[in-house]
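Colleague: Sequence:
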Amino acid sequence: MNRNFTFKQMLFSVKRHAALPCLVAALTLIITIGASIIAGKNNAYMQVEHITGDSSVLNGIQISGKIIDGYHKTSFSWEGSKVTNKTTIHPSVEMVTFYRYINGDIKQRIQDLAFSVSGSPYQREFLITKEKLKGFKTLQRDEALVDIPILADSYDSTFANPLEYGVATIGDDVFFTLATSKLYTGSNGIYKLGFKSTMPYMQDYPESEQFVSFDLKPQGAALEKGINVLGLEAVNDKLILILEQNNELHLRVFNAYGKQLGKTIVPHFNLMDPNPNDASSSEHKYNQLYEAFRNKEEQQLILAFSSDHSIASKTYITLDLSQGATIVDKTTFSNTTEKMQEDYALYTGKRHAAFIKGKLYYVAEIKEIIAPEMRHIDQRQISHLLVYVYEKNKLVYEGELMTNINDDRIMWKNFNQSSFSIDEREHRSFQSLNLRRQTND
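Throughout the sequence shown, residue numbering follows the numbering used here, covering 536 to 976 in sequence.
FYI, nobody ran anything at the bench for these hints, they're computed from the structure. This one's a predicted model, so the numbers in the text were calculated from it and none came from an experiment. There's no promise every hint is true.
In the EDC-like style, the derived pairs of lysine to aspartate or glutamate whose C-alpha atoms are separated by at most 20 Å in a straight line are [stated by the list, open to error]:
(1) K798 with D864
(2) K865 with E933
(3) K773 with E678
(4) K672 with E742
With beta-carbon atoms standing in for the labels, derived distance ranges [as the list claims (entries may be wrong)]:
(5) N822 with V628: 34 to 44 Å
(6) Y606 with Q858: 39 to 49 Å
(7) L674 with G793: 22 to 32 Å
(8) G893 with S610: 23 to 33 Å
(9) Q675 with D739: 13 to 23 Å
(10) N594 with S848: 22 to 32 Å
(11) P802 with E926: 14 to 24 Å
(12) S748 with S591: 48 to 58 Å
(13) P741 with N594: 42 to 52 Å
(14) G721 with Y606: 14 to 24 Å
(15) S732 with Y792: 19 to 29 Å
(16) E926 with S689: 45 to 55 Å
(17) S722 with S610: 29 to 39 Å
(18) H625 with Q675: 20 to 30 Å
Cβ atoms here follow ideal geometry from the backbone N, Cα and C, with glycine treated the same way.
Model the full assembly from the supplied sequences, consistent with the hints where possible.
Modeller: Here it is in C-alpha coordinates:
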(Lines of atoms letter the chains of each structure in order from A and count residues from 1; the text may use other names and numbers.)
(Lines give C-alpha, C1' and ligand atoms only; values in the text may rest on other atoms or scores of the structure.)
Protein backbone atom coordinates (compact mmCIF):
# COMPACT_ATOMS: atom_id res chain seq x y z
CA MET A 1 0.00 0.00 0.00
CA ASN A 2 2.73 2.41 0.89
CA ARG A 3 4.59 1.66 -2.32
CA ASN A 4 1.47 2.30 -4.40
CA PHE A 5 0.73 5.49 -2.53
CA THR A 6 4.26 6.75 -2.97
CA PHE A 7 4.16 5.98 -6.71
CA LYS A 8 0.87 7.86 -7.13
CA GLN A 9 2.26 10.83 -5.23
CA MET A 10 5.30 10.95 -7.49
CA LEU A 11 3.16 10.70 -10.63
CA PHE A 12 0.88 13.55 -9.47
CA SER A 13 3.89 15.69 -8.60
CA VAL A 14 5.42 15.19 -12.05
CA LYS A 15 2.15 16.11 -13.79
CA ARG A 16 1.68 19.20 -11.62
CA HIS A 17 5.16 20.54 -12.19
CA ALA A 18 5.17 19.67 -15.90
CA ALA A 19 2.29 22.11 -16.43
CA LEU A 20 4.52 25.06 -15.55
CA PRO A 21 7.14 24.44 -18.28
CA CYS A 22 4.33 23.88 -20.81
CA LEU A 23 2.71 27.16 -19.79
CA VAL A 24 6.03 29.00 -20.05
CA ALA A 25 6.65 27.47 -23.49
CA ALA A 26 3.16 28.47 -24.69
CA LEU A 27 3.53 32.03 -23.45
CA THR A 28 6.96 32.29 -25.04
CA LEU A 29 5.52 31.12 -28.36
CA ILE A 30 2.63 33.62 -28.15
CA ILE A 31 4.96 36.50 -27.28
CA THR A 32 7.34 35.54 -30.09
CA ILE A 33 4.53 35.36 -32.65
CA GLY A 34 3.03 38.63 -31.38
CA ALA A 35 6.39 40.38 -31.52
CA SER A 36 6.91 39.06 -35.04
CA ILE A 37 3.50 40.35 -36.13
CA ILE A 38 4.10 43.78 -34.57
CA ALA A 39 7.57 43.95 -36.10
CA GLY A 40 6.12 43.05 -39.49
CA LYS A 41 3.46 45.74 -39.21
CA ASN A 42 6.03 48.34 -38.13
CA ASN A 43 8.13 47.42 -41.16
CA ALA A 44 5.21 47.56 -43.61
CA TYR A 45 6.20 46.95 -47.21
CA MET A 46 6.33 50.26 -49.07
CA GLN A 47 8.33 51.03 -52.18
CA VAL A 48 8.16 53.80 -54.77
CA GLU A 49 7.85 52.89 -58.43
CA HIS A 50 8.38 55.64 -60.99
CA ILE A 51 6.11 54.70 -63.90
CA THR A 52 6.65 57.52 -66.38
CA GLY A 53 8.19 60.98 -66.55
CA ASP A 54 10.91 62.77 -64.60
CA SER A 55 10.77 61.81 -60.91
CA SER A 56 12.60 65.02 -59.95
CA VAL A 57 9.20 66.76 -59.95
CA LEU A 58 8.66 65.07 -56.57
CA ASN A 59 11.63 66.89 -55.05
CA GLY A 60 10.39 69.16 -52.29
CA ILE A 61 6.95 67.51 -52.25
CA GLN A 62 5.57 65.48 -49.34
CA ILE A 63 2.84 62.91 -49.99
CA SER A 64 1.35 61.51 -46.81
CA GLY A 65 -1.52 59.34 -45.65
CA LYS A 66 -2.59 56.39 -43.56
CA ILE A 67 -3.34 52.72 -44.07
CA ILE A 68 -6.02 51.71 -41.58
CA ASP A 69 -7.95 48.69 -40.41
CA GLY A 70 -9.60 47.78 -37.13
CA TYR A 71 -6.37 46.57 -35.56
CA HIS A 72 -3.67 49.06 -36.49
CA LYS A 73 -2.83 52.28 -38.32
CA THR A 74 0.26 52.89 -40.45
CA SER A 75 1.11 56.53 -41.17
CA PHE A 76 3.45 57.09 -44.11
CA SER A 77 5.37 59.95 -45.71
CA TRP A 78 6.61 59.76 -49.33
CA GLU A 79 9.28 62.27 -50.33
CA GLY A 80 11.04 61.80 -53.67
CA SER A 81 11.99 58.12 -53.81
CA LYS A 82 12.05 57.68 -50.02
CA VAL A 83 9.17 56.42 -47.88
CA THR A 84 9.00 56.36 -44.10
CA ASN A 85 6.22 54.87 -42.01
CA LYS A 86 5.16 54.29 -38.43
CA THR A 87 2.59 51.78 -37.19
CA THR A 88 0.35 52.12 -34.16
CA ILE A 89 -1.45 49.05 -32.80
CA HIS A 90 -4.94 49.72 -31.43
CA PRO A 91 -5.40 48.52 -27.83
CA SER A 92 -8.69 46.92 -28.94
CA VAL A 93 -10.48 46.37 -32.24
CA GLU A 94 -11.89 49.64 -33.58
CA MET A 95 -14.59 50.34 -36.13
CA VAL A 96 -13.09 52.09 -39.14
CA THR A 97 -14.82 55.42 -39.76
CA PHE A 98 -14.39 57.53 -42.84
CA TYR A 99 -16.69 60.07 -44.31
CA ARG A 100 -18.51 59.26 -47.52
CA TYR A 101 -20.57 61.98 -49.17
CA ILE A 102 -23.07 60.85 -51.80
CA ASN A 103 -25.39 63.11 -53.74
CA GLY A 104 -28.59 63.29 -51.73
CA ASP A 105 -26.98 62.19 -48.47
CA ILE A 106 -28.06 64.31 -45.50
CA LYS A 107 -24.70 64.61 -43.78
CA GLN A 108 -21.61 66.68 -44.43
CA ARG A 109 -18.50 66.18 -42.37
CA ILE A 110 -16.06 68.96 -41.50
CA GLN A 111 -13.37 67.53 -39.23
CA ASP A 112 -15.24 66.07 -36.21
CA LEU A 113 -18.53 67.85 -37.01
CA ALA A 114 -21.42 66.47 -39.04
CA PHE A 115 -23.97 68.84 -40.61
CA SER A 116 -27.41 68.29 -42.09
CA VAL A 117 -29.71 70.92 -43.59
CA SER A 118 -33.47 70.52 -43.97
CA GLY A 119 -35.93 72.75 -45.75
CA SER A 120 -38.30 72.92 -48.71
CA PRO A 121 -38.01 74.82 -52.00
CA TYR A 122 -41.34 76.45 -51.09
CA GLN A 123 -40.48 77.82 -47.66
CA ARG A 124 -38.08 80.42 -46.28
CA GLU A 125 -36.91 78.76 -43.06
CA PHE A 126 -34.06 76.26 -43.08
CA LEU A 127 -32.84 74.16 -40.15
CA ILE A 128 -29.12 73.44 -39.85
CA THR A 129 -28.11 70.65 -37.46
CA LYS A 130 -24.56 70.35 -36.15
CA GLU A 131 -23.34 67.21 -34.39
CA LYS A 132 -19.99 66.81 -32.66
CA LEU A 133 -18.83 63.25 -33.20
CA LYS A 134 -16.35 60.85 -31.71
CA GLY A 135 -16.28 57.78 -33.91
CA PHE A 136 -19.92 56.78 -34.25
CA LYS A 137 -20.98 58.52 -31.04
CA THR A 138 -22.69 61.95 -30.95
CA LEU A 139 -21.26 64.05 -28.11
CA GLN A 140 -23.22 67.24 -28.77
CA ARG A 141 -26.11 68.24 -31.05
CA ASP A 142 -26.94 71.89 -31.86
CA GLU A 143 -29.45 73.53 -34.20
CA ALA A 144 -29.71 76.85 -36.03
CA LEU A 145 -32.71 78.29 -37.86
CA VAL A 146 -32.30 80.84 -40.64
CA ASP A 147 -34.96 82.73 -42.61
CA ILE A 148 -33.95 83.46 -46.22
CA PRO A 149 -36.22 85.73 -48.34
CA ILE A 150 -36.47 83.60 -51.49
CA LEU A 151 -39.34 82.75 -53.80
CA ALA A 152 -39.52 79.70 -56.08
CA ASP A 153 -40.56 80.36 -59.67
CA SER A 154 -42.62 77.19 -60.00
CA TYR A 155 -43.36 73.79 -58.51
CA ASP A 156 -40.50 72.42 -60.64
CA SER A 157 -37.96 74.55 -58.79
CA THR A 158 -35.01 72.62 -57.39
CA PHE A 159 -31.87 73.51 -55.52
CA ALA A 160 -28.58 73.79 -57.39
CA ASN A 161 -26.79 71.37 -55.06
CA PRO A 162 -27.45 69.40 -51.85
CA LEU A 163 -28.03 72.01 -49.15
CA GLU A 164 -24.99 70.85 -47.15
CA TYR A 165 -22.80 72.35 -49.89
CA GLY A 166 -23.69 75.71 -48.36
CA VAL A 167 -22.00 74.99 -45.00
CA ALA A 168 -18.47 76.21 -44.18
CA THR A 169 -16.52 76.77 -40.98
CA ILE A 170 -13.79 79.15 -39.82
CA GLY A 171 -12.57 78.15 -36.39
CA ASP A 172 -15.65 77.59 -34.22
CA ASP A 173 -17.86 79.79 -36.43
CA VAL A 174 -20.28 78.17 -38.88
CA PHE A 175 -21.41 79.96 -42.04
CA PHE A 176 -24.21 79.12 -44.45
CA THR A 177 -25.54 80.07 -47.86
CA LEU A 178 -28.54 78.47 -49.56
CA ALA A 179 -27.78 76.51 -52.76
CA THR A 180 -30.53 78.15 -54.79
CA SER A 181 -30.83 77.55 -58.52
CA LYS A 182 -31.63 80.13 -61.18
CA LEU A 183 -35.33 79.27 -60.70
CA TYR A 184 -35.46 81.47 -57.57
CA THR A 185 -36.06 85.17 -57.09
CA GLY A 186 -35.54 87.30 -54.02
CA SER A 187 -32.38 87.62 -51.97
CA ASN A 188 -29.74 85.16 -50.76
CA GLY A 189 -26.60 85.73 -48.74
CA ILE A 190 -23.99 84.40 -46.33
CA TYR A 191 -25.13 83.88 -42.74
CA LYS A 192 -23.10 83.44 -39.58
CA LEU A 193 -25.20 80.90 -37.70
CA GLY A 194 -26.33 81.09 -34.10
CA PHE A 195 -26.87 77.63 -32.59
CA LYS A 196 -28.89 76.36 -29.67
CA SER A 197 -28.18 73.11 -27.89
CA THR A 198 -30.53 70.14 -28.02
CA MET A 199 -28.44 68.31 -25.38
CA PRO A 200 -29.89 69.67 -23.10
CA TYR A 201 -32.69 71.34 -25.04
CA MET A 202 -32.80 75.15 -25.24
CA GLN A 203 -36.10 76.87 -26.01
CA ASP A 204 -35.23 79.72 -28.39
CA TYR A 205 -33.04 79.88 -31.49
CA PRO A 206 -30.26 82.49 -31.29
CA GLU A 207 -30.31 84.99 -34.14
CA SER A 208 -28.19 84.22 -37.20
CA GLU A 209 -26.35 87.19 -38.69
CA GLN A 210 -26.50 87.93 -42.41
CA PHE A 211 -23.36 89.86 -43.35
CA VAL A 212 -23.32 89.28 -47.13
CA SER A 213 -26.40 89.77 -49.32
CA PHE A 214 -26.90 89.37 -53.06
CA ASP A 215 -29.95 89.51 -55.33
CA LEU A 216 -31.14 86.51 -57.28
CA LYS A 217 -32.85 86.67 -60.67
CA PRO A 218 -35.30 89.59 -60.96
CA GLN A 219 -38.88 88.35 -61.12
CA GLY A 220 -39.95 87.71 -64.71
CA ALA A 221 -36.39 87.87 -66.07
CA ALA A 222 -35.09 85.32 -68.55
CA LEU A 223 -33.84 82.05 -67.10
CA GLU A 224 -30.23 82.63 -68.19
CA LYS A 225 -30.13 85.80 -66.09
CA GLY A 226 -30.52 83.79 -62.93
CA ILE A 227 -27.85 82.62 -60.52
CA ASN A 228 -26.96 79.07 -59.50
CA VAL A 229 -25.45 79.12 -56.00
CA LEU A 230 -23.21 76.06 -56.00
CA GLY A 231 -21.77 76.29 -52.52
CA LEU A 232 -19.63 77.97 -49.88
CA GLU A 233 -16.05 76.99 -48.97
CA ALA A 234 -13.49 78.18 -46.42
CA VAL A 235 -9.70 78.29 -46.55
CA ASN A 236 -7.94 79.61 -43.45
CA ASP A 237 -9.89 82.74 -42.48
CA LYS A 238 -11.48 83.33 -45.91
CA LEU A 239 -14.87 82.36 -47.33
CA ILE A 240 -15.34 81.58 -51.02
CA LEU A 241 -18.83 81.92 -52.52
CA ILE A 242 -19.23 79.77 -55.65
CA LEU A 243 -21.80 80.94 -58.21
CA GLU A 244 -22.68 80.25 -61.83
CA GLN A 245 -24.32 82.89 -64.02
CA ASN A 246 -24.48 83.45 -67.78
CA ASN A 247 -22.35 80.32 -68.39
CA GLU A 248 -19.56 81.71 -66.23
CA LEU A 249 -18.19 80.50 -62.90
CA HIS A 250 -18.06 83.39 -60.41
CA LEU A 251 -15.84 83.09 -57.34
CA ARG A 252 -16.15 85.77 -54.63
CA VAL A 253 -13.84 85.88 -51.61
CA PHE A 254 -14.82 87.38 -48.23
CA ASN A 255 -13.29 87.58 -44.80
CA ALA A 256 -15.13 86.29 -41.73
CA TYR A 257 -16.77 89.72 -41.24
CA GLY A 258 -18.26 90.01 -44.73
CA LYS A 259 -15.69 92.27 -46.39
CA GLN A 260 -15.11 91.29 -50.01
CA LEU A 261 -11.42 90.62 -50.63
CA GLY A 262 -11.57 89.73 -54.30
CA LYS A 263 -13.51 88.11 -57.12
CA THR A 264 -12.80 86.36 -60.39
CA ILE A 265 -14.62 84.70 -63.28
CA VAL A 266 -14.02 81.48 -65.22
CA PRO A 267 -15.55 81.99 -68.69
CA HIS A 268 -17.16 79.33 -70.92
CA PHE A 269 -18.44 77.41 -67.94
CA ASN A 270 -21.58 75.71 -69.18
CA LEU A 271 -23.37 74.03 -66.30
CA MET A 272 -25.81 71.16 -66.46
CA ASP A 273 -28.97 72.93 -65.37
CA PRO A 274 -30.76 71.33 -62.40
CA ASN A 275 -34.09 72.30 -63.98
CA PRO A 276 -35.39 69.06 -65.57
CA ASN A 277 -37.33 71.04 -68.18
CA ASP A 278 -34.25 72.84 -69.49
CA ALA A 279 -33.79 71.70 -73.10
CA SER A 280 -30.69 73.77 -73.88
CA SER A 281 -27.71 71.87 -75.25
CA SER A 282 -24.00 72.43 -75.44
CA GLU A 283 -20.97 70.54 -76.66
CA HIS A 284 -19.64 70.44 -73.12
CA LYS A 285 -21.23 70.99 -69.74
CA TYR A 286 -20.10 70.54 -66.16
CA ASN A 287 -21.86 68.73 -63.35
CA GLN A 288 -22.84 71.16 -60.59
CA LEU A 289 -21.62 68.70 -57.91
CA TYR A 290 -17.99 69.57 -57.23
CA GLU A 291 -15.15 68.44 -55.00
CA ALA A 292 -13.12 70.97 -53.03
CA PHE A 293 -9.46 70.58 -52.04
CA ARG A 294 -8.29 73.14 -49.50
CA ASN A 295 -4.58 73.91 -49.14
CA LYS A 296 -3.93 76.14 -46.16
CA GLU A 297 -0.16 76.46 -46.64
CA GLU A 298 -0.49 77.47 -50.30
CA GLN A 299 -3.61 79.59 -49.62
CA GLN A 300 -5.45 77.78 -52.39
CA LEU A 301 -8.82 76.29 -53.16
CA ILE A 302 -9.02 73.70 -55.94
CA LEU A 303 -12.47 72.93 -57.34
CA ALA A 304 -12.98 69.75 -59.37
CA PHE A 305 -15.95 69.53 -61.75
CA SER A 306 -16.81 66.38 -63.70
CA SER A 307 -17.98 66.46 -67.30
CA ASP A 308 -21.47 65.58 -68.44
CA HIS A 309 -19.93 63.30 -71.08
CA SER A 310 -17.79 61.28 -68.64
CA ILE A 311 -17.76 61.26 -64.85
CA ALA A 312 -14.13 60.13 -65.04
CA SER A 313 -13.05 63.33 -66.79
CA LYS A 314 -12.67 66.22 -64.37
CA THR A 315 -11.53 69.80 -64.62
CA TYR A 316 -9.47 71.13 -61.70
CA ILE A 317 -9.62 74.90 -61.21
CA THR A 318 -7.02 76.36 -58.83
CA LEU A 319 -7.94 79.59 -57.06
CA ASP A 320 -5.08 81.46 -55.39
CA LEU A 321 -6.22 83.45 -52.33
CA SER A 322 -2.94 85.04 -51.27
CA GLN A 323 -3.82 88.38 -52.91
CA GLY A 324 -7.54 88.55 -53.48
CA ALA A 325 -8.75 85.95 -55.98
CA THR A 326 -6.71 84.71 -58.97
CA ILE A 327 -7.17 81.65 -61.18
CA VAL A 328 -3.65 80.20 -61.56
CA ASP A 329 -4.40 76.87 -63.26
CA LYS A 330 -7.09 74.93 -65.08
CA THR A 331 -6.31 71.28 -65.85
CA THR A 332 -8.56 68.57 -67.27
CA PHE A 333 -7.71 64.87 -67.12
CA SER A 334 -9.06 61.36 -66.57
CA ASN A 335 -7.13 58.56 -64.88
CA THR A 336 -9.67 55.86 -65.77
CA THR A 337 -8.79 53.24 -68.39
CA GLU A 338 -10.19 49.86 -69.42
CA LYS A 339 -8.20 48.22 -66.61
CA MET A 340 -8.08 50.94 -63.94
CA GLN A 341 -10.61 53.34 -62.46
CA GLU A 342 -10.88 55.82 -59.63
CA ASP A 343 -13.55 55.39 -56.98
CA TYR A 344 -16.06 58.07 -58.03
CA ALA A 345 -17.84 58.30 -54.68
CA LEU A 346 -16.82 61.47 -52.87
CA TYR A 347 -14.67 59.94 -50.16
CA THR A 348 -12.88 62.44 -47.98
CA GLY A 349 -9.28 61.34 -47.65
CA LYS A 350 -9.28 59.06 -50.70
CA ARG A 351 -7.62 61.65 -52.92
CA HIS A 352 -6.04 65.08 -52.77
CA ALA A 353 -4.84 67.78 -55.16
CA ALA A 354 -2.41 70.67 -54.75
CA PHE A 355 -0.90 73.24 -57.11
CA ILE A 356 2.77 73.73 -56.19
CA LYS A 357 5.60 75.38 -58.13
CA GLY A 358 3.54 75.70 -61.32
CA LYS A 359 2.36 72.07 -61.36
CA LEU A 360 -0.84 70.27 -60.36
CA TYR A 361 -0.13 67.30 -58.08
CA TYR A 362 -2.82 64.68 -57.63
CA VAL A 363 -2.76 61.57 -55.41
CA ALA A 364 -5.58 59.03 -55.39
CA GLU A 365 -6.53 55.44 -54.73
CA ILE A 366 -7.09 53.78 -58.11
CA LYS A 367 -8.83 50.41 -58.44
CA GLU A 368 -7.81 47.57 -60.73
CA ILE A 369 -10.89 46.26 -62.53
CA ILE A 370 -11.50 42.52 -62.11
CA ALA A 371 -14.90 42.13 -63.76
CA PRO A 372 -15.70 44.94 -66.27
CA GLU A 373 -19.44 44.31 -66.07
CA MET A 374 -19.31 45.01 -62.30
CA ARG A 375 -16.69 47.76 -62.31
CA HIS A 376 -18.76 50.19 -60.23
CA ILE A 377 -19.80 47.81 -57.44
CA ASP A 378 -17.08 45.15 -57.24
CA GLN A 379 -15.50 45.23 -53.78
CA ARG A 380 -12.79 42.74 -54.74
CA GLN A 381 -10.94 45.34 -56.81
CA ILE A 382 -7.20 45.69 -56.17
CA SER A 383 -6.08 49.09 -54.83
CA HIS A 384 -3.18 51.18 -56.17
CA LEU A 385 -1.94 54.46 -54.71
CA LEU A 386 -0.94 56.61 -57.68
CA VAL A 387 0.47 60.11 -58.02
CA TYR A 388 0.03 62.23 -61.14
CA VAL A 389 1.77 65.51 -61.94
CA TYR A 390 0.46 67.87 -64.61
CA GLU A 391 2.08 70.99 -66.04
CA LYS A 392 0.20 73.25 -68.43
CA ASN A 393 -2.52 70.62 -68.80
CA LYS A 394 -0.04 67.84 -69.75
CA LEU A 395 0.97 64.77 -67.74
CA VAL A 396 4.67 65.03 -66.86
CA TYR A 397 4.95 62.29 -64.22
CA GLU A 398 3.16 59.23 -62.87
CA GLY A 399 4.30 57.11 -59.94
CA GLU A 400 2.98 54.50 -57.52
CA LEU A 401 3.51 53.70 -53.87
CA MET A 402 3.74 49.90 -53.81
CA THR A 403 2.27 48.32 -50.65
CA ASN A 404 0.97 44.96 -49.47
CA ILE A 405 -2.52 46.33 -48.76
CA ASN A 406 -4.09 43.97 -51.30
CA ASP A 407 -2.95 40.89 -49.39
CA ASP A 408 -6.10 41.43 -47.30
CA ARG A 409 -8.43 40.64 -50.20
CA ILE A 410 -6.35 38.79 -52.78
CA MET A 411 -7.83 35.47 -51.64
CA TRP A 412 -11.25 36.71 -52.75
CA LYS A 413 -10.18 37.50 -56.31
CA ASN A 414 -11.67 34.30 -57.75
CA PHE A 415 -14.79 34.39 -55.58
CA ASN A 416 -18.14 35.59 -56.86
CA GLN A 417 -18.80 39.25 -56.01
CA SER A 418 -22.08 38.30 -54.35
CA SER A 419 -20.20 36.22 -51.77
CA PHE A 420 -17.76 38.99 -50.84
CA SER A 421 -18.42 41.96 -48.60
CA ILE A 422 -15.68 44.13 -47.16
CA ASP A 423 -15.33 44.34 -43.41
CA GLU A 424 -13.29 47.50 -42.86
CA ARG A 425 -11.91 46.02 -39.65
CA GLU A 426 -10.30 43.18 -41.58
CA HIS A 427 -9.36 44.91 -44.84
CA ARG A 428 -6.93 47.80 -44.85
CA SER A 429 -7.76 50.98 -46.75
CA PHE A 430 -6.03 54.23 -47.65
CA GLN A 431 -7.14 57.26 -45.65
CA SER A 432 -6.19 60.91 -45.06
CA LEU A 433 -4.20 61.33 -48.28
CA ASN A 434 -2.47 64.69 -48.48
CA LEU A 435 -0.06 66.67 -50.67
CA ARG A 436 2.04 69.59 -49.49
CA ARG A 437 5.30 71.41 -49.96
CA GLN A 438 8.02 69.60 -48.02
CA THR A 439 8.95 71.14 -44.68
CA ASN A 440 12.00 70.73 -42.47
CA ASP A 441 9.96 69.44 -39.53
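Colleague: Decide, hint by hint, whether the structure agrees.
Modeller: Evaluation of the provided hints:
1. K798 with D864: Roughly 16 Å between the alpha carbons, so the hint for K798 and D864 holds.
2. K865 with E933: Satisfied, since the Cα-Cα distance of roughly 19 Å is no more than 20 Å.
3. K773 with E678: 24 Å, violated
4. K672 with E742: Outside the cut-off at roughly 28 Å; violated.
5. N822 with V628: 34 to 44 Å: 39 Å, holds
6. Y606 with Q858: 39 to 49 Å: Holds - the Cβ-Cβ distance for Y606 and Q858, about 47 Å, lies within 39 to 49 Å.
7. L674 with G793: 22 to 32 Å: Cβ of L674 to Cβ of G793: about 31 Å, so the range 22 to 32 Å holds.
8. G893 with S610: 23 to 33 Å: 29 Å, holds
9. Q675 with D739: 13 to 23 Å: Distance hint for Q675, D739 holds at roughly 18 Å.
10. N594 with S848: 22 to 32 Å: 29 Å, holds
11. P802 with E926: 14 to 24 Å: Check passed, 22 Å falls within 14 to 24 Å.
12. S748 with S591: 48 to 58 Å: Given about 50 Å between the Cβ atoms, the range holds.
13. P741 with N594: 42 to 52 Å: Distance hint for P741, N594 holds at roughly 51 Å.
14. G721 with Y606: 14 to 24 Å: Given range 14 to 24 Å: violated, Cβ gap about 54 Å.
15. S732 with Y792: 19 to 29 Å: 25 Å, holds
16. E926 with S689: 45 to 55 Å: 47 Å, holds
17. S722 with S610: 29 to 39 Å: 47 Å, violated
18. H625 with Q675: 20 to 30 Å: 25 Å, holds
When held up to the earlier numbered hints, the structure conflicts with 3, 4, 14, 17 and fits the remainder.
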